[in-house]
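Chains A and B, in that order, give the protein sequences. If you want my numbering, it's the 1-based position in the first sequence plus 19. Position 20 of the second sequence, counted from 1, bears residue number 11 in my numbering, the numbering being contiguous throughout.
Since the hints were derived computationally from the structure, they do not count as laboratory data. Treat the hints with care, as some may be off.
[Unchecked claim] Listing some non-contacts, in silico: residues in chain B with all C-beta distances to chain A over 10 Å:
id: 1; residue: E19
id: 2; residue: L23
id: 3; residue: E32
id: 4; residue: K66
id: 5; residue: K76
id: 6; residue: D80
id: 7; residue: K88
id: 8; residue: N105
id: 9; residue: G174
[Unchecked claim] Computed list of lysine to aspartate or glutamate pairs in EDC-like fashion (alpha-carbon distance at most 20 Å, straight line):
id: 10; chain 1: B; residue 1: K31; chain 2: A; residue 2: D221
id: 11; chain 1: A; residue 1: K174; chain 2: B; residue 2: E17
id: 12; chain 1: B; residue 1: K122; chain 2: B; residue 2: E178
id: 13; chain 1: A; residue 1: K81; chain 2: A; residue 2: E71
id: 14; chain 1: B; residue 1: K37; chain 2: A; residue 2: E257
id: 15; chain 1: B; residue 1: K122; chain 2: A; residue 2: E177
id: 16; chain 1: B; residue 1: K27; chain 2: A; residue 2: E257
id: 17; chain 1: B; residue 1: K122; chain 2: A; residue 2: D139
id: 18; chain 1: B; residue 1: K31; chain 2: A; residue 2: E71
id: 19; chain 1: B; residue 1: K66; chain 2: B; residue 2: D80
id: 20; chain 1: B; residue 1: K37; chain 2: A; residue 2: D248
id: 21; chain 1: A; residue 1: K174; chain 2: B; residue 2: E178
id: 22; chain 1: B; residue 1: K82; chain 2: B; residue 2: E178
id: 23; chain 1: B; residue 1: K31; chain 2: A; residue 2: D212
id: 24; chain 1: B; residue 1: K57; chain 2: A; residue 2: E135
id: 25; chain 1: B; residue 1: K31; chain 2: A; residue 2: D203
id: 26; chain 1: B; residue 1: K31; chain 2: A; residue 2: D248
id: 27; chain 1: A; residue 1: K165; chain 2: A; residue 2: D221
id: 28; chain 1: A; residue 1: K218; chain 2: B; residue 2: D56
id: 29; chain 1: B; residue 1: K27; chain 2: A; residue 2: E71
[Claimed, not checked] Counterexamples of contact, computed for chain A against chain B with all Cβ distances above 12 Å:
id: 30; residue: S45
id: 31; residue: L128
id: 32; residue: K147
id: 33; residue: P192
id: 34; residue: S198
id: 35; residue: R224
id: 36; residue: S262
id: 37; residue: I266
Computed from a predicted model, the values in this text were never measured in an experiment. C-beta: ideal position from N, C-alpha, C; glycine also.
Now for the letters of each chain:
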Amino acid sequence: MARNFGLMAAAVCALAFAAHAQQDKSVIDEIEKYRAALGDGNPAELWEARGEDLWKQARGPKKASLEKCDIGLGPGVVKGAYTVLPKYFGDTDKVEDLESRLVTCMVTLQGFTREEVVKDPFGGPGKKSDLEALVAYITGSSRGMKMNVAGTHPKEREAYEIGQKIFFHRGGPHDFACSTCHGDDNLRIRLQDLPNLSKVADAQRAYTTWPAYRVSQGELRSFQWRLYDCFRQQRFPELVYTSPASIALTMYLAKSANGGTYNAPAIKR
Amino acid sequence: MKKTIGTLALFGLIAAGCAAMVSDEEREAQALAMMKASFKESGQAKLDRLDQDDMQKMCSRYHGDKVMPRDVGEKLEKEQQALIKFPADGKLVGDWKSGERIAQSGVGKQFSDNPANPNGANCYACHQLSKAELAYGTIGPSLYNFGKIRGFTPEMQKYAFSKVYNSQAFSACSSMPRFGHSGILTEAQIKDVVALLMDPESPVNK
C-alpha cells in the first residue's frame, strides 16, 4: 500500500513538472529581474555611515569610543574582522559573534550596562538600533575578503559541533528544524529560494550576504535577527539575543561558509 | 619547569583528544541544555517546545550520510499510525472552500500569533495545489489534481485524512508537520483540507 502511494506520488510529480515547468520559469525570471533592480542602490549605506560614527564617537559613562575594541583581529582592527568571527576571546573566556562582542565592548570600554545595550537590538518603526548600525559598519569593512573562521580552539570546536546539532534539532508543534527548510538542494518556500546550508556553495552564498537591508521591512537586519526570525517561524520560543545557542549555530554556519567572498550588507526583498 | 610544560602539553593533548571523542548523544544533550538556556518563553511558545518526542529525536539524529536504519523507520511509522484518531461521525471530507483558506494561511503557533485566531496549514508554502496559485513552494511534491489522478475513492479519502493528521505514519522523518497529532488543525479543519484534495469540485482537481 505504502509503495503504491510512493509510485503514484512520483507519477504526479512528473506530470506536474512537465505541465508547470514553463510557468515556473517565467515566475522565477520575473523574481530575478526584481532582485537585479533592487541591487541598484542599497540603503544599507545609511546604516554603515551611522555605525562608523557610533564606532568613533566618545560615548557612554566612560566617554570612550569603540576604537580600542578587539573584534577578532586585535584592538581597533575593523577591516576583515568579520571574516574570522565567531571566535574564542580570552578576556571573556567565551566564543563570541560580532554582536555579542560589540555588547562586550560597549559594556567594558564605554561603561554602559548590558541591559542598556541590548534593550533594542533590532530596529523597528520609530526606534533605531545602534547595534544594527555598528554591525553594518563592521561587516561592510570586510567586503571582498574571504571567510576565514578558524574553529580550532577547543571551545570553538565545541560550539561548532553543538551548533550543528541545533541545526538538525527537530522540535515544537510543527516538528521543524533549521534543516527542514535548509537541508536539501533547490527548494523553495512559496517563491523564496532556500539555500541548503549543509552544503558549502549554498552556505557561502547565504552567509556572505547577511546582514542585509530588507526592502519589505525598511530595516537593516543583522545575523542575530535572521536567526531570531527563523526560530519564530520554526515555532520555537524566543531566541535570546547573543545567547550561547545563537552563537553556536552561527559558528556552524559561518565555518561552513569558509572560503566564500564576503559581500554584505546586502539587499534582499 | 620544562618537564611541567611538557606534562601540561600532554594533558592538553589528551583533553583535546577526549573533546574530539564526545559522543553524538552527549552533543545532543549539550545542545538541548544550551537551547534551554538560550530561549525564553514568549506568548504561546513555552520552553517545552524544545523537548523532543521519539520521532523528533530519531529524525534529528539521521541526516546526510547517516541514513536511518530501515527497522527504526518502520517502527516509528507503526507507532505514529497508531496515534491517528479518525472522526467519530465517519465523515472525512468537509468544505474545500474553507480548505483553500486553511491552505493559504501561514499563521498559527508562532510566538507572534494570537492563539485565539484559527491556525492555518500553509500547504502552499511547500506544495503546489490549485493551478491558480503560482506562489507555491517545492519542499513537498505537487498535489495538483490529487484526487483526479488517484481516484475519488473512500480509501484515498482515508489516506489523505491520515497523511494530513500524521505525516510520519507513512514516511518516517517526513518534513511535513503532524497537523492533527500536534493539534495544529482541528478535526473539522483537516476534513476541509481533505476536501481541497479530494472534492471533484475543488480547484485542485480542475
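The hints, checked one at a time:
1. A beta-carbon of chain A is positioned within 10 Å of the beta-carbon of E19 (chain B); the least distance is around 6 Å.
2. Distance check on L23 (chain B): its Cβ comes as close as 8 Å (rounded) to a Cβ of chain A, failing to clear the 10 Å threshold; non-interface status is violated.
3. With a closest Cβ-Cβ approach of about 6 Å to chain A, E32 (chain B) is found to fall inside the 10 Å limit, against its non-interface label.
4. A cut-off of 10 Å between C-beta atoms confirms that K66 (chain B) is not in contact with chain A; the least separation is 14 Å.
5. Non-interface status of K76 (chain B) relative to chain A is upheld: no Cβ of that chain comes within 10 Å, the nearest being about 17 Å off.
6. The beta carbon of D80 (chain B) is kept farther than 10 Å from every beta carbon of chain A, the shortest such distance being approximately 25 Å.
7. In this structure K88 (chain B) is separated from chain A by more than 10 Å, as the shortest Cβ-Cβ distance comes to about 21 Å.
8. Residue placement check: N105 (chain B) keeps its beta carbon more than 10 Å from all beta carbons of chain A (closest about 14 Å).
9. Taking the minimum C-beta to C-beta distance to chain A, about 7 Å, the non-interface status of G174 (chain B) is violated against the 10 Å cut.
10. Simply put, K31 (chain B) and D221 (chain A) have alpha-carbon atoms about 30 Å apart, too far for the 20 Å limit, and the pair is violated.
11. With a CA separation close to 15 Å, the supplied pair K174 (chain A) and E17 (chain B) stays within the 20 Å bound.
12. The suggested pairing of K122 (chain B) with E178 (chain B) is violated, with an alpha-carbon distance near 26 Å, which exceeds 20 Å.
13. A hinted pair counts as satisfied when its Cα atoms are at most 20 Å apart, and K81 (chain A) with E71 (chain A) qualifies at roughly 19 Å.
14. With a C-alpha separation of about 9 Å, the suggested pairing of K37 (chain B) with E257 (chain A) holds against the 20 Å cut-off.
15. As the CA atoms of K122 (chain B) and E177 (chain A) are separated by approximately 48 Å, the hinted pair breaks the 20 Å bound.
16. Between K27 (chain B) and E257 (chain A) the alpha-carbon distance is near 11 Å, which keeps this suggested pair within the 20 Å criterion.
17. About 44 Å separates the Cα atoms of K122 (chain B) and D139 (chain A), which puts this hinted pair outside 20 Å; it is violated.
18. With a C-alpha separation of about 32 Å, the suggested pair K31 (chain B) and E71 (chain A) falls outside the 20 Å cut-off, and the hint is violated.
19. For the proposed pair K66 (chain B) and D80 (chain B), the alpha carbon gap of about 29 Å is over 20 Å, so the pair is violated.
20. For the given pair, K37 (chain B) sits about 16 Å from D248 (chain A) by alpha-carbon distance, which is consistent with the 20 Å threshold.
21. Simply put, K174 (chain A) and E178 (chain B) have alpha-carbon atoms about 48 Å apart, too far for the 20 Å limit, and the pair is violated.
22. Annotation: proposed proximity of K82 (chain B) to E178 (chain B) holds, straight-line Cα distance about 10 Å (limit 20 Å).
23. Under the criterion of a C-alpha separation no larger than 20 Å, the hint pairing K31 (chain B) with D212 (chain A) is inconsistent with the structure, at around 30 Å.
24. Our distance criterion of 20 Å between C-alpha atoms is broken by K57 (chain B) and E135 (chain A), whose separation comes to about 45 Å.
25. Of the supplied pair hints, the one linking K31 (chain B) and D203 (chain A) is violated, its CA atoms being roughly 29 Å apart against a limit of 20 Å.
26. With a C-alpha separation of about 14 Å, the suggested pair K31 (chain B) and D248 (chain A) falls inside the 20 Å cut-off, and the hint holds.
27. This hinted pair checks out: K165 (chain A) and D221 (chain A) have alpha carbons roughly 15 Å apart, not beyond 20 Å.
28. With a C-alpha separation of about 13 Å, the suggested pairing of K218 (chain A) with D56 (chain B) holds against the 20 Å cut-off.
29. A hinted pair counts as satisfied when its Cα atoms are at most 20 Å apart, and K27 (chain B) with E71 (chain A) does not qualify at roughly 35 Å.
30. The beta carbon of S45 (chain A) is not kept farther than 12 Å from every beta carbon of chain B, the shortest such distance being approximately 9 Å.
31. With 12 Å as the threshold on Cβ separation, the claim that L128 (chain A) sits away from chain B holds: the shortest Cβ distance comes to roughly 26 Å.
32. Its beta-carbon lying about 22 Å from the closest one in chain B, K147 (chain A) satisfies the requirement of being farther than 12 Å from that chain.
33. Remark: the non-interface label on P192 (chain A) conflicts with the geometry, its nearest Cβ contact in chain B lying 5 Å away (cut-off 12 Å).
34. Distance check for S198 (chain A) against chain B: the nearest CB is about 6 Å away, which does not clear 12 Å, and the non-interface claim fails.
35. With a closest Cβ-Cβ approach of about 18 Å to chain B, R224 (chain A) is found to remain outside the 12 Å limit, as its non-interface label requires.
36. With 12 Å as the threshold on Cβ separation, the claim that S262 (chain A) sits away from chain B is violated: the shortest Cβ distance comes to roughly 3 Å.
37. With a closest Cβ-Cβ approach of about 9 Å to chain B, I266 (chain A) is found to fall inside the 12 Å limit, against its non-interface label.
Checked against the numbered hints above, the structure violates hints 1, 2, 3, 9, 10, 12, 15, 17, 18, 19, 21, 23, 24, 25, 29, 30, 33, 34, 36 and 37; every other hint is satisfied.
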